[in-house]
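Participant: Generate coordinates for the entire structure from the input sequences, incorporating the hints supplied.
2 protein chains.
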Amino acid sequence: MGESGDAWHTAGAAGHQDGGVVTMDDVAKAAGVSKITVSNVVNGRNRVGEPTRLRVLQAIDELGYEVNLAARYLRVGRTGAIGLLVPELERPYFSQLARRLADRVERHGMHLAVERTGAVRERQLSSVAKERVQLYDGVVLSVTGLTPDDLRRIELGRPALLIGERDVPGTFDHVVMDNVGGAELATGHLLATGSRVVAMVGGSLDHAEHDMVSLRTQGWIRAHESVGLVADLTLVVTPEELDMGAARDVVHRLLSERPDVDGIVAITDVVAFGVLRALADLGRSVPDDVQVVGFDNVDEGEYSVPRLSSIEPDNDAMADAIVDLLLRRIGATEPPEPQVVMPTPRLVLRESTR
Amino acid sequence: MGESGDAWHTAGAAGHQDGGVVTMDDVAKAAGVSKITVSNVVNGRNRVGEPTRLRVLQAIDELGYEVNLAARYLRVGRTGAIGLLVPELERPYFSQLARRLADRVERHGMHLAVERTGAVRERQLSSVAKERVQLYDGVVLSVTGLTPDDLRRIELGRPALLIGERDVPGTFDHVVMDNVGGAELATGHLLATGSRVVAMVGGSLDHAEHDMVSLRTQGWIRAHESVGLVADLTLVVTPEELDMGAARDVVHRLLSERPDVDGIVAITDVVAFGVLRALADLGRSVPDDVQVVGFDNVDEGEYSVPRLSSIEPDNDAMADAIVDLLLRRIGATEPPEPQVVMPTPRLVLRESTR
DNA sequence: GTGAAAGCGCTAACAC
DNA sequence: GTGTTAGCGCTTTCAC
Chain A
0 MGESGDAWHT
10 AGAAGHQDGG
20 VVTMDDVAKA
30 AGVSKITVSN
40 VVNGRNRVGE
50 PTRLRVLQAI
60 DELGYEVNLA
70 ARYLRVGRTG
80 AIGLLVPELE
90 RPYFSQLARR
100 LADRVERHGM
110 HLAVERTGAV
120 RERQLSSVAK
130 ERVQLYDGVV
140 LSVTGLTPDD
150 LRRIELGRPA
160 LLIGERDVPG
170 TFDHVVMDNV
180 GGAELATGHL
190 LATGSRVVAM
200 VGGSLDHAEH
210 DMVSLRTQGW
220 IRAHESVGLV
230 ADLTLVVTPE
240 ELDMGAARDV
250 VHRLLSERPD
260 VDGIVAITDV
270 VAFGVLRALA
280 DLGRSVPDDV
290 QVVGFDNVDE
300 GEYSVPRLSS
310 IEPDNDAMAD
320 AIVDLLLRRI
330 GATEPPEPQV
340 VMPTPRLVLR
350 ESTR
Chain B
0 MGESGDAWHT
10 AGAAGHQDGG
20 VVTMDDVAKA
30 AGVSKITVSN
40 VVNGRNRVGE
50 PTRLRVLQAI
60 DELGYEVNLA
70 ARYLRVGRTG
80 AIGLLVPELE
90 RPYFSQLARR
100 LADRVERHGM
110 HLAVERTGAV
120 RERQLSSVAK
130 ERVQLYDGVV
140 LSVTGLTPDD
150 LRRIELGRPA
160 LLIGERDVPG
170 TFDHVVMDNV
180 GGAELATGHL
190 LATGSRVVAM
200 VGGSLDHAEH
210 DMVSLRTQGW
220 IRAHESVGLV
230 ADLTLVVTPE
240 ELDMGAARDV
250 VHRLLSERPD
260 VDGIVAITDV
270 VAFGVLRALA
280 DLGRSVPDDV
290 QVVGFDNVDE
300 GEYSVPRLSS
310 IEPDNDAMAD
320 AIVDLLLRRI
330 GATEPPEPQV
340 VMPTPRLVLR
350 ESTR
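Going down the list, the protein sequences come from chains A and B.
Each residue of the first sequence is one higher than the one before, starting from 0 at the first, in numbering that gives the first Met the number 0.
Each residue of the second sequence is one higher than the one before, starting from 0 at the first, in numbering that gives the first Met the number 0.
Read the hints as simulated data drawn from the structure, not as lab findings.
Note that beta-carbon positions come from the ideal geometry of N, C-alpha and C, so glycine has one too.
It is possible that part of the hints are untrue.
Not the full set, but computed from the structure, chain B residues with beta-carbon under 8 angstroms of chain A [claimed, not checked]:
#1 V41
#2 Y64
#3 T78
#4 A97
#5 A112
#6 E114
#7 R131
#8 V179
#9 G244
#10 F272
#11 L275
#12 R276
Cut-off 35 angstroms, straight-line C-alpha distance, at most; resulting in silico cross-link-like pairs (DSBU-like, lysine-lysine) [as the list claims (entries may be wrong)]:
#13 K129(A) / K28(B)
#14 K129(A) / K34(B)
#15 K34(B) / K34(A)
#16 K129(A) / K129(B)
#17 K28(A) / K129(B)
#18 K34(A) / K129(B)
Facilitator: What follows is the structure in structure tokens.
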């Protein structure tokens, strides 16, 4: 048959004859049936006689045939894949979310692919992301860092679900953390266990934006209010990036200006790890000199030194809701009513708090 | 026009008329040209007059047209996507590899999607993985944990490149770490700086398998040999899993049996973090009582307490090689000669060693 | 139980 | 510069 083909690509791994892009027609010819019968066999539709089935199966095996997904997709409109679009691949929160989603999606016979949107905004989301998203039956989109205005522009052209922020046009399914409530819970615990000067590392006072950072900062403020204190806004410090390095640096600065800080709420667990690192640098003992609490309850918190107390947003419940809502939307013929799910967070106490 | 379509999926985000799966034909009709002219405009082929181009562009905009990638792919055979298949999404090594690859791949105008193969073996790799891989122009496959025999079975039907193990059929492009050399370097440093009883946490003595674990264990043995010592094989301890929790547990056990251990080589950085956690539990000071060195030089090593010394396999050079080799193979019309790349590792000293 | 015809949306050739 | 023809590989009627 053909002379070139796919087989060589992997440099002749298995023992196929010659590869050569085997089509259903080839199989049909070899088995002495028609294309459609091959299709029926491949897709397990039972309207085909056992002897024919066997002959077809054998031909498939001999020729090393494999369905062409692009063709099938063009015809059927389904790829069986769900896309998860996140701003960064290596943030533990996202990779652990990916793991949870992959588990659940596979349970439904589909699979998950993870892509990075980068420090994407507006234009990029509406054009770049839009194109690549086509090869998924549905998309989970993390919109951390996008303004409500950006969000209004998003139009992916297929079933989609948002995670990450709270205030959203109201036209998307949306699974969110209780950012305010969680931060309030965390801060409240520090205040209740003797901390008097509780800083918010990674927070922001830009109340206009209803993004994760501002919301968690509000929770920190509210916790003060609800015990009759007024939060000292100079204790909100904002690192360049929400990573460990920047967090560590900003804490060095904070503690040189405000050595009286005896509690730190970190905007995320990753930031909290940077905080712990800085406190170790400075010889402050945790939790005796300074209590620290994070947010997200990432796996690594179990093993940091000291172990990190954190807010668990109920990540499993969120993952459940995400795939349920998305699959519902994928399966629907009519656009279902957009829904918002916000599980109740709880505080996980480990060694970094009293 | 149509009444249903894509638009509703995202619940009417943007302001398209009605959606309705707009095709090139629709655009062509609206602009008063032919399908192919629309195609030419969309793909930026300049053989189209400026006024026509403008009319087409406007029609595209008005109708909210978007190319159908499945159709294009069926025709052209390229999706512009590279797949990265890893056993686990949340291992820092993999997510950081993903970041490096995504950077480079995007520089070439393509994009990267990451999928999980799970604790996949044989059958799964040759069937499951094979299907889903079709929508990528090329695939980077991490084969950690597969036997050489499994590897021989892999036939993905498209340009592929292996990472992770050393001994491989020799028919794939292959980018590997110098596992033996790296572990030898790490162990050598501990021995040279006064450690006398150096355990290998996460190692394995199953020399039959030439997987990462065995290779790094060999490096540990060799380092002893090259300074005239003979490695005490009872110091090789194997946790259930290569994660922090199991590593921590196994170190607890190790140190209760062998309190004289004064150096630990961890098979990976993640294992090393578990080791550090255990040593903190046991009140051993690092590096004074016990030196610790990891492998992979994952970002988190900068921020652990204490900061982790580690083997840097030259991850950037590996990422460069991976995309260069893969793109070469994708672009080629003839199967290029399979190539093996193994950068030289170096030791990064931080606080966990003397 | 099996097959023939049609077409999903796109682009490579080759006209004009 | 622009259009026509053909076909990528598959599945969905509907007939036999």
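Participant: Work down the list of hints and note, for each, if the structure agrees.
Facilitator: Consistency of the hints with the structure:
1. V41: This interface hint is violated because 11 angstroms lies over the 8 angstroms limit.
2. Y64: Violated. Min distance 11 angstroms.
3. T78: holds, 7 angstroms
4. A97: holds, 4 angstroms
5. A112: For A112(B), the interface hint holds, since the closest Cβ of chain A sits about 4 angstroms away, which is under 8 angstroms.
6. E114: Since the shortest Cβ distance to chain A is 5 angstroms, the answer is holds.
7. R131: holds, 6 angstroms
8. V179: Given a least distance of 25 angstroms, the restraint on V179(B) is violated.
9. G244: Constraint on G244(B) satisfied, holds at 7 angstroms.
10. F272: Constraint on F272(B) satisfied, holds at 6 angstroms.
11. L275: Status holds, d = 6 angstroms.
12. R276: holds, 5 angstroms
13. K129(A) / K28(B): Judged against 35 angstroms, a Cα distance of about 24 angstroms means the pair holds.
14. K129(A) / K34(B): holds, 22 angstroms
15. K34(B) / K34(A): Status holds; Cα separation ~29 angstroms.
16. K129(A) / K129(B): Answer holds: K129(A) to K129(B) is near 26 angstroms, not above 35 angstroms.
17. K28(A) / K129(B): This hinted pair holds, its Cα atoms lying about 24 angstroms apart.
18. K34(A) / K129(B): Holds, at about 22 angstroms.
This entry does not satisfy hints 1, 2 and 8, going by the numbered hints stated previously.
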